[in-house]
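> Next come the chains, spelled out residue by residue.
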Amino acid sequence: MIERLMRGAALAALGLTFAALVGGQATAATPKDTIVMAKTMDDITSLDPAEVFEFTGGEVINNVYVRLMTYDPADFTKLIGGAAESWSVSDDGKTFTIKMRQGMKFTTGRPVTAKDAAFSLQRVVALGKSPAFILTQFGWTAANVKEMVSAQDDGTLILKTATAFAPSFVMNCLSAGIGSVVDSEEALKNAKDNDFGYNWLRTNSAGSGAYKLVAWKPKESVVLEANPGFYRGEAKTKRIIIRHVPEATAQRLMLEKGDADIARNLTADQLKAIAGDSKLTVNSTGKGTIYYLALNQKNEALAKPKVREAVRWAIDYQTMSSTFLAGQYGVHQGFWGKGSAGSLDDTPFKFDAAKAKALLAEAGYPNGLELDLDAGNTTPHADIAQSVQSTFAQAGIKVNIVPGDIRQVLTKYRARNHQLLLMYWSPDYLDPHSTADFFTNNPDNSDGAKAKTGAWRNAWDIPDLTKETAAAVLERDPQKRIAMYIDLQKKVQADSPIVVMFQQTEQAALRTEVKNFILGPSFDTPVYWQITK
Amino acid sequence: MSLGAGTVGAGKTARPSMKLLRGIATQLGTLCLTILGLLFVTFFIGRVVPIDPVLAIAGDRATPELIEKIRAELGLDLPLYQQFWNYLVKIAHGDLGNSVLTAKPIIQDIATYFPATIELAVAGTLIGVLAGVPLGVISAARQGRWIDHVVRVVALAGYSVPVFWLGLVGLLVFYVKLDWVSGPGRIDAVYEYIVEPRTGFMLIDCILAGDWEAVKNALSHFVLPALILGYYSMAYIARMTRSFMLEQLNQEYIVTARVKGVSERAIIWRHAFGNIRVPLITVIALSFAHLLEGTVLTETVFAWPGIGLYITHSLFGADLNAVLGGTIVVGVSFVILNLLSDALYTLLDPRARAA
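These protein sequences, in sequence, are chains A and X. For the first sequence, the numbering used here gives the first residue as 2, with consecutive numbering after it. For the second sequence, the numbering used here gives the first residue as 670, with consecutive numbering after it.
Keep in mind that the hints are not guaranteed to be accurate.
Claimed, not checked - Below 25 Å or equal to it, Euclidean Cα-Cα: the simulated DSS-like pairs (lysine-lysine) are:
id, chain 1, residue 1, chain 2, residue 2
1, A, 453, A, 413
2, X, 885, A, 33
3, A, 451, X, 738
4, A, 273, X, 846
5, X, 846, A, 258
6, A, 258, X, 885
7, A, 147, X, 773
8, A, 453, A, 492
9, A, 339, A, 79
10, A, 307, A, 492
11, A, 468, A, 305
12, A, 218, A, 190
13, X, 738, A, 193
14, A, 299, A, 399
15, A, 116, A, 239
16, A, 218, X, 885
17, A, 218, A, 239
18, A, 218, A, 193
19, A, 358, A, 258
20, X, 846, A, 33
21, A, 358, A, 299
22, A, 280, X, 846
23, X, 773, A, 218
24, A, 190, X, 773
25, A, 193, X, 773
26, A, 193, X, 759
27, A, 516, A, 534
28, A, 453, X, 738
29, A, 307, A, 258
30, A, 193, A, 33
31, X, 738, A, 413
In short, the hints are calculated from the structure, not lab data. From a predicted model like this one, the values you see are computed outputs, not experimental measurements.
Assemble the whole structure, with the sequences as input and the hints as a guide.
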């Protein structure tokens, strides 16, 4: 009896398997009006523009909301009006009058007004989420923001700043995600406990962008649908579906099969492998993200200028960039990325073990040094750490790699408990101050300091550079301002605990029929509305 | 007399019920202690990892004021014992907290992700049992012959080949080259937002929606990860079944049965197999439990939004509430499976009933 049962069971299992295999034949290719994007998108924690600060979330809201200021997708060095049509600055440099673009509508059908813009900026400050500092640096607080940000009428927005900042700085800040204009009526309709609609906007949208958020399933997918009333014309692709596909090989297979139109996270090897495939193409764009080696100045050896210089000559930038980082990171030694106004593109340092050794000897270490290097335990951190370990050994520095989850490394960095540490930096908004404020600003170098800037994390006491950084953000002459940032970068490049090594290049693999997908230089600049298929 | 008889009768029925009640109380006590231990260990591991959980919420660029505000909101500024007590109180009220990464209550997340894993684990275990048990029995009965060698090699491969690799090869062959199955994900993008999620089980939801094209599509997504997990489950169950059977077939009662002229079929299926059913239940329960918590690699390859992937992502994102919530669910599932297998022991083994 049991035997018969088991034999039947085995046959049934085989039968079911066969039926499933044959019965469930796949149909590849995505619909003509839909783009399916395979991406690692588990970083989204919120889709409220007052809170979004993650890569995928920033990208989504860039396509769902219109920001007051934006960049020309054809040339990201050109700042242009988004919801703002024109603007002027008062003589004292503290009042900005912004004329709103006429005729814009939210997906709800309501017109976009200066009142909505004022509400959007006010709620960012009142909610006080992570990106709020971009606005609070203007001297705006929860207590004064209604006075500092107001709508004169439906078409005119008035912004007051506590200090006369460089106008380009203020306008660049308004191009960040926090500059997104939210439908105030819709947000307030869904508000609870005076949260300005925050809990609702985390998972819903109330914007006027090219797309409307249809659904966000965390760690699964995001679906966007074209907004027919978008002020630049209805998007060519009706629906964008971002699918969370964590495994790069699975992304590649889906792309090759036609189940995905765009794959965002292929590895360097995979991108190389698909280069000969006529059905696929690769879109490469330089990003603002830079990769650097941090040297804690609390370490006696690393505090010596000669050792800092030796370290710069002990890194094989070129080999890394042309081998395992090929196509993904290019050699760059200034803290502001190439492609944006104000970048320093000189790369004076190259690998020279003999020179590094001689400098170490001059610094008093003829027999070399031994140092710990904290690095993330994933690609590319682990690979870069190994290369650094190998070339440092040739220069006489014995490196012990301390691998860890990147958040673990970050926690250690914020506590200034490292010696050497590999880290990346991505600007929060497209203005050089965003990065200079991190690397060349350290108003209080004590252990209990509140501002944990990059300079502080490396215990780099720099009163002069801190003053120069503060001066650059106030400089109203754009050319002079750019020159000041280049000067700051030259100083950091020549001698500092920040050894900038690379600038990231983002590569997206696409089916050849997919055109006009623009990634832009920042994490939140990809543009969907021009995509065609 | 009748009263006396009645009293005796009542006494006879009361004793087993008391025993049953005591048994249930013991099991419940064990369940509570196990869960408490699990919570304790997970909670403290979560608190001692050198990652600041506030970073996951506030991000690296947040102001010091915001970081301190969030730390206070989460109660992370309190002593550890107080944090643990607060956590226990919340759990007692059915509140596992909110996930930082999904912005939703953990309970809601689990209701979304756990069915995806159960779907795969049930199918994997079914395939494993339906294929593994007969293969194990046949292999033992034909020890040393070609069928035994084949089963052993297949089972050994299932044990040794990394699931990650097998998943990718499976996709390459059956999805890309042969076009027999669909690729990663639970359903094609075109159906994803048409089928209303009622139960969380994609196949059932498609059937409830009455959309047979969607059912077919979901099935074509489901079959490959289910088969791969089924293969691993089969490998384990077949090896264990073979080993149990060989042990039984070498017992004296089998020799006696053979001497008495009992047919080989009856010896194998009635005598030997009848005696391995109890340990086999443990093996199957363990295999199922392993599939419930150990499918993270399969879920990664197949972009299958299950509980394994949820816990792993949460761990990397320092989303401690989600890690704790997911661990509790998996832990409770283990305990329940354990209780179920104990109950089945009692049913199948007369000695357990007598005890």
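> Are the hints correct? Go through all of them and say.
The hints, checked one at a time:
1. A/453 / A/413: This hinted pair holds, its Cα atoms lying about 12 Å apart.
2. X/885 / A/33: holds (22 Å)
3. A/451 / X/738: The hint holds at about 14 Å.
4. A/273 / X/846: holds (21 Å)
5. X/846 / A/258: holds (9 Å)
6. A/258 / X/885: Distance ~19 Å between residue 258 of chain A and residue 885 of chain X Cα, so the pair holds.
7. A/147 / X/773: violated (31 Å)
8. A/453 / A/492: holds (21 Å)
9. A/339 / A/79: Roughly 15 Å between the alpha carbons, so the hint for residue 339 of chain A and residue 79 of chain A holds.
10. A/307 / A/492: Holds: residue 307 of chain A and residue 492 of chain A sit about 15 Å apart, inside 25 Å.
11. A/468 / A/305: holds (23 Å)
12. A/218 / A/190: holds (23 Å)
13. X/738 / A/193: Satisfied, since the Cα-Cα distance of roughly 20 Å is no more than 25 Å.
14. A/299 / A/399: holds (19 Å)
15. A/116 / A/239: Given pair residue 116 of chain A, residue 239 of chain A is violated - Cα atoms ~30 Å apart, limit 25 Å.
16. A/218 / X/885: holds (23 Å)
17. A/218 / A/239: Status holds; Cα separation ~19 Å.
18. A/218 / A/193: Holds, because 22 Å separates the two Cα atoms, which is no more than 25 Å.
19. A/358 / A/258: violated (52 Å)
20. X/846 / A/33: Judged against 25 Å, a Cα distance of about 23 Å means the pair holds.
21. A/358 / A/299: holds (22 Å)
22. A/280 / X/846: Holds - the C-alpha atoms of residue 846 of chain X and residue 280 of chain A are around 16 Å apart, at most 25 Å.
23. X/773 / A/218: Given pair residue 773 of chain X, residue 218 of chain A holds - Cα atoms ~11 Å apart, limit 25 Å.
24. A/190 / X/773: At roughly 21 Å apart (the allowed maximum being 25 Å), residue 773 of chain X and residue 190 of chain A satisfy the hint.
25. A/193 / X/773: holds (16 Å)
26. A/193 / X/759: holds (23 Å)
27. A/516 / A/534: holds (6 Å)
28. A/453 / X/738: holds (16 Å)
29. A/307 / A/258: Judged against 25 Å, a Cα distance of about 55 Å means the pair is violated.
30. A/193 / A/33: Violated, at about 40 Å.
31. X/738 / A/413: Distance ~21 Å between residue 738 of chain X and residue 413 of chain A Cα, so the pair holds.
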